[in-house]
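There are 2 protein chains.
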Amino acid sequence: MAVKENLRPGGRSARVQASVHKAVRELLAEMNRAEVTIPSIAARAGVTPSTIYRRWGDLQELLADVAVERLRPDMPPIDAGSGKADLQAWAEQYAEEMSSGPGREMIRDVLAAQAGANACKCCEYTRQQIVLIAERAKARGEAFPDVDRAMDEVVAPIIYRILFGDVPDAARVRALVARAMDSAS
Amino acid sequence: MAVKENLRPGGRSARVQASVHKAVRELLAEMNRAEVTIPSIAARAGVTPSTIYRRWGDLQELLADVAVERLRPDMPPIDAGSGKADLQAWAEQYAEEMSSGPGREMIRDVLAAQAGANACKCCEYTRQQIVLIAERAKARGEAFPDVDRAMDEVVAPIIYRILFGDVPDAARVRALVARAMDSAS
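In order, the protein sequence lines correspond to chains A and B. Residue numbers for the first sequence follow our numbering, so the first one is 299 and each next one is one higher. Residue numbers for the second sequence follow our numbering, so the first one is 299 and each next one is one higher.
Just to be clear, a hint being listed does not mean it is correct.
Same chains, same label: a pair holds when it works inside one copy or across any pair of copies.
To be verified - SDA-like, lysine to any residue: derived pairs with alpha carbons at most 25 Å apart:
id, residue 1, residue 2
1, K419, E403
2, K419, G399
3, K419, R447
Just so you know, the hints here were simulated from the structure itself, not pulled from any lab data.
Throw the hints in and build the complete structure from the sequences for me.
Following this line, the structure appears as structure tokens:
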């Protein structure tokens, strides 16, 4: 089910969304995710369960929507002085966050929803961070790999390893970044 | 919950497993996955629900166990005459299978289980196929990338793109294989 985008800030719809998201975050912090239900979220948010069903379709879609919101980067990548240093600092932090308990839960929630819209959004957030790094590198006159290539060679192996049971350590992440950077020079 | 490995073929435990797996496959073919329950699986398999709970813990673990079994390759990669041709043929088929409806459902089931054991097993099956291709290439005296590198540069981007909403087409898969092969020459 598609979640409405571009809600008018402060509008009734935006207030409902903010209140439901807040209720989900609070309940997930207080109890096991298996215990979180739509009626309990509705009660906490002060809306009716049917408001939630109408808007999100089912619990899994709502959890995915909240997870994506939490995966949205809250600041641009750190400027570490060069494209390579920027990509390395970003990738190390990304690998660390995504392989943490909450990071894994969020990826799982995003991927568990039937509609793929949230997974795309999540990938797009990551891509935007790489675009920012690439633009800064370009402004400095540095060689930097194509953004798609950085996604394939740095982001994809990090996520694949996290999902399939082999957490990438910092040395591994640095090797991925070095390889992707070599391809650009 | 860990599922017992290396069951004695034909033993009682192996027969229970085969019968439960068969029941799951049949039910998934007949109805929506949301309608499949442990009691319905138990009834079809001719075992008690508690047998299933004891052995698999919960429905998600059982679905993951069945999905991994279906993801196990049933033959070695096609010998297409060279390491590059072998890897290309294998990767195209892999991308096609994994991005199909059933392929996505299987990946989702494997990843949704809390215990990571099945995800590791799934990754290991894939790795073994690449090892076979690498060994054949070596026997022919050809250059072939390190298996970890082929996992990072070919398998990871295929799965990342499938999971995050951008199905890799054949041209994309060929480009990934060509790049990985270049790294070895």
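Now for the hints, and whether the structure bears them out:
no. : hint           : verdict
1   : K419 with E403 : both (17 Å within a copy, 20 Å between copies)
2   : K419 with G399 : both (21 Å within a copy, 21 Å between copies)
3   : K419 with R447 : within (19 Å within a copy, 28 Å between copies)
Hint compliance for this structure: no hint is broken.
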